[in-house]
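Participant: Sequence:
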Amino acid sequence: HVLVIPRAHYPDAATLATAAPDLAAEILRLAGDVAADEKIVDPGYRVVFNTGAGAGQTVFHVHAHILGGRGLEWPPG
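Take 339 as the starting number for the sequence shown in my numbering and just add one per residue.
Please note: incorrect hints may appear among the correct ones.
Cross-link-like lysine to any residue pairs, in silico, SDA-like; alpha carbons within 25 Å at most [claimed, not checked]:
#, residue 1, residue 2
1, 377, 413
2, 377, 403
3, 377, 387
4, 377, 364
5, 377, 412
6, 377, 341
7, 377, 343
8, 377, 366
9, 377, 401
10, 377, 405
11, 377, 406
12, 377, 367
13, 377, 363
14, 377, 340
15, 377, 408
16, 377, 339
17, 377, 411
18, 377, 357
19, 377, 388
20, 377, 342
21, 377, 348
22, 377, 407
Hints listed in this document are in silico derivations from the structure and should not be mistaken for laboratory results.
Working from the sequences, and respecting the hints, build out all of it.
Facilitator: Here it is in structure tokens:
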């Protein structure tokens with residue numbers, strides 16, 4: 339479980355996507371780089387943004403969770 343955290347402050351992914359779409363794209367590109375570095379591209383990985391308290395967001399500074407390296411079943415958890 340690795341986090342990608344931008345220096346610029348946005349409270350959540352929805353705000354980031356509207357206010358700074360280029361930065362949102364950069365976070366996703368970096369997520370792919372992290373997945374490659376962690377050797378989890380195959381069989382797969384997840385990029386998760388928790389947006390809002392109801393979704394489990396507890397830190398109100400946007401960040402992406404990169405998850406992989408084990409079975410990722412649905413529903414997650």
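Participant: Determine for every hint whether it applies to the structure shown.
Facilitator: Here is how each hint holds up against the structure:
1. About 23 Å separates the Cα atoms of residue 377 and residue 413, which keeps this hinted pair within 25 Å; it holds.
2. The hinted pair formed by residue 377 and residue 403 meets the criterion: a straight-line CA distance of about 16 Å does not exceed 25 Å.
3. Between residue 377 and residue 387 the alpha-carbon distance is near 21 Å, which keeps this suggested pair within the 25 Å criterion.
4. The suggested pairing of residue 377 with residue 364 holds, with an alpha-carbon distance near 20 Å, which does not exceed 25 Å.
5. About 22 Å separates the Cα atoms of residue 377 and residue 412, which keeps this hinted pair within 25 Å; it holds.
6. Distance restraint check for residue 377 and residue 341: the Cα-Cα separation of roughly 15 Å lies within the 25 Å cut-off, and the hinted pair is therefore satisfied.
7. For the hint linking residue 377 to residue 343, the alpha-carbon distance of about 20 Å falls within 25 Å, and the restraint holds.
8. Distance restraint check for residue 377 and residue 366: the Cα-Cα separation of roughly 16 Å lies within the 25 Å cut-off, and the hinted pair is therefore satisfied.
9. A distance of roughly 21 Å separates the Cα atoms of residue 377 and residue 401; the hinted pair therefore holds under the 25 Å criterion.
10. Proposed proximity of residue 377 and residue 405 is supported: the alpha carbons are some 11 Å apart, at most 25 Å.
11. Using a Cα cut-off of 25 Å, the hinted pair residue 377 and residue 406 holds, with the two alpha carbons roughly 9 Å apart.
12. Restraint check for residue 377 and residue 367: satisfied, since their Cα atoms lie roughly 15 Å apart, inside the 25 Å limit.
13. Using a Cα cut-off of 25 Å, the hinted pair residue 377 and residue 363 holds, with the two alpha carbons roughly 21 Å apart.
14. Between residue 377 and residue 340 the alpha-carbon distance is near 12 Å, which keeps this suggested pair within the 25 Å criterion.
15. Among the hinted pairs, residue 377 with residue 408 is consistent with the structure: their alpha-carbon atoms are about 12 Å apart, no more than 25 Å.
16. Proximity of residue 377 to residue 339 is assessed by CA-CA distance (about 12 Å); at most 25 Å being required, the pair is judged to hold.
17. A distance of roughly 19 Å separates the Cα atoms of residue 377 and residue 411; the hinted pair therefore holds under the 25 Å criterion.
18. Distance check on the hinted pair: residue 377 and residue 357 sit about 32 Å apart at the alpha-carbon level, beyond 25 Å; violated.
19. A distance of roughly 24 Å separates the Cα atoms of residue 377 and residue 388; the hinted pair therefore holds under the 25 Å criterion.
20. About 16 Å separates the Cα atoms of residue 377 and residue 342, which keeps this hinted pair within 25 Å; it holds.
21. Straight-line distance between C-alpha atoms of residue 377 and residue 348 comes to about 29 Å, which puts the hinted pair past the 25 Å bound.
22. Distance hint between residue 377 and residue 407 is fulfilled; the C-alpha atoms sit about 8 Å from each other, no more than 25 Å.
Comparing the model with each numbered hint stated earlier shows that hints 18 and 21 do not hold.
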